[in-house]
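S.K.: Sequence:
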Amino acid sequence: MNIIFVSLAHGGTSARSPVSSSAKPVYATASPVESTPQNNECKLVEVKGAKLASFTVKDTELICLPQAFDVFLKHLVGGLHTVYTKLKRLDITPVVCNVEQVRVLRGLGAIQPGVNRCKLISRQDFETLYNDCTNASIRTEEMIK
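Quick note on this note's numbering: the sequence shown kicks off at 1150 and runs consecutively.
Hints were generated in silico from the structure; no laboratory data involved.
Take the hints with a grain of salt, since some may be wrong.
Claimed, not checked - Simulated crosslink set (BS3-like; lysine-lysine; CA at most 27 Å straight-line):
no., residue 1, residue 2
1, LYS1207, LYS1237
2, LYS1268, LYS1192
3, LYS1235, LYS1223
4, LYS1200, LYS1268
5, LYS1200, LYS1237
6, LYS1237, LYS1197
7, LYS1207, LYS1192
8, LYS1223, LYS1200
9, LYS1268, LYS1235
10, LYS1268, LYS1223
11, LYS1197, LYS1268
12, LYS1197, LYS1207
13, LYS1223, LYS1192
14, LYS1223, LYS1237
15, LYS1207, LYS1268
16, LYS1237, LYS1268
17, LYS1235, LYS1207
18, LYS1235, LYS1200
19, LYS1235, LYS1197
20, LYS1197, LYS1223
Claimed, not checked - Computed beta-carbon distance windows for the label pairs:
no., residue 1, residue 2, range
21, ALA1285, GLY1256, 31 to 37 Å
22, LYS1223, GLU1195, 18 to 24 Å
23, ASN1284, SER1184, 34 to 40 Å
24, LEU1229, SER1180, 19 to 25 Å
25, GLY1258, ASN1280, 23 to 29 Å
26, LYS1197, TYR1233, 16 to 22 Å
27, ASN1284, GLU1249, 33 to 39 Å
28, THR1185, ASN1265, 16 to 22 Å
29, SER1180, THR1205, 15 to 21 Å
30, ASN1280, LEU1229, 15 to 21 Å
31, ASN1284, SER1180, 17 to 23 Å
32, GLN1187, ALA1285, 20 to 26 Å
33, THR1185, THR1283, 34 to 40 Å
34, THR1185, ARG1238, 20 to 26 Å
A virtual CB, placed ideally from N, CA and C, is assigned to each residue, including glycine.
Turn these sequences into a full structure, and let the hints steer you where they fit.
M.R.: The following block contains the structure:
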């Protein structure tokens, strides 16, 4: 097996992060969505009665995960880190926003002004996540009683 060393900070080689050439990278984040006019066109869509920012990428509607967290999940789970842990367990991989999408989301107020990265999730994956969070919340309430 060949080992390639990848520096995540600059995209070059380094002795810090081993990555197998025959398998999925070990220490790598997904590449952002390609920056095209179609991918960067933002729409407000209704999800469970609330308007959320969304982008259509490769014919899939993707909603802003931090905004969905703020609107629907923050009162159910400990924090956004907990959501990312749940996504891993549920085998859901969010899509990384490109720079222009982040600018658009900040401009709409969907994410905080200082935020410089964001992730998107499909409606179907959000439903799976939401159901997991609400079921976990119900289980926690039952344990307290």
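S.K.: Please go over all the hints and tell whether each is borne out by the structure.
M.R.: Outcome of the hint check:
1. LYS1207 / LYS1237: The hint holds at about 22 Å.
2. LYS1268 / LYS1192: holds, 16 Å
3. LYS1235 / LYS1223: holds, 13 Å
4. LYS1200 / LYS1268: Distance of about 17 Å is within 27 Å: holds.
5. LYS1200 / LYS1237: holds, 26 Å
6. LYS1237 / LYS1197: The hint holds at about 24 Å.
7. LYS1207 / LYS1192: holds, 15 Å
8. LYS1223 / LYS1200: Given pair LYS1223, LYS1200 holds - Cα atoms ~17 Å apart, limit 27 Å.
9. LYS1268 / LYS1235: holds, 15 Å
10. LYS1268 / LYS1223: holds, 16 Å
11. LYS1197 / LYS1268: Within the cut-off at roughly 20 Å; holds.
12. LYS1197 / LYS1207: Within the cut-off at roughly 23 Å; holds.
13. LYS1223 / LYS1192: Holds, because 23 Å separates the two Cα atoms, which is no more than 27 Å.
14. LYS1223 / LYS1237: With a Cα-Cα distance of about 18 Å, the restraint between LYS1223 and LYS1237 holds, given a limit of 27 Å.
15. LYS1207 / LYS1268: holds, 16 Å
16. LYS1237 / LYS1268: Holds, at roughly 14 Å.
17. LYS1235 / LYS1207: The hint holds at about 25 Å.
18. LYS1235 / LYS1200: Holds, because 24 Å separates the two Cα atoms, which is no more than 27 Å.
19. LYS1235 / LYS1197: holds, 20 Å
20. LYS1197 / LYS1223: holds, 15 Å
21. ALA1285 / GLY1256: 31 to 37 Å: Holds: the Cβ-Cβ distance is about 33 Å, inside 31 to 37 Å.
22. LYS1223 / GLU1195: 18 to 24 Å: holds, 19 Å
23. ASN1284 / SER1184: 34 to 40 Å: holds, 37 Å
24. LEU1229 / SER1180: 19 to 25 Å: holds, 21 Å
25. GLY1258 / ASN1280: 23 to 29 Å: Holds, since GLY1258 and ASN1280 (Cβ atoms, about 27 Å apart) stay within the stated range.
26. LYS1197 / TYR1233: 16 to 22 Å: Because 21 Å falls inside the window, the suggested range holds.
27. ASN1284 / GLU1249: 33 to 39 Å: 36 Å Cβ-Cβ, so the 33 to 39 Å window holds.
28. THR1185 / ASN1265: 16 to 22 Å: holds, 20 Å
29. SER1180 / THR1205: 15 to 21 Å: With Cβ atoms ~18 Å apart, the hint holds.
30. ASN1280 / LEU1229: 15 to 21 Å: holds, 18 Å
31. ASN1284 / SER1180: 17 to 23 Å: violated, 32 Å
32. GLN1187 / ALA1285: 20 to 26 Å: violated, 36 Å
33. THR1185 / THR1283: 34 to 40 Å: Once the Cβ atoms are compared, 35 Å apart, the range 34 to 40 Å for THR1283 and THR1185 holds.
34. THR1185 / ARG1238: 20 to 26 Å: Hint violated: Cβ distance 32 Å, outside 20 to 26 Å.
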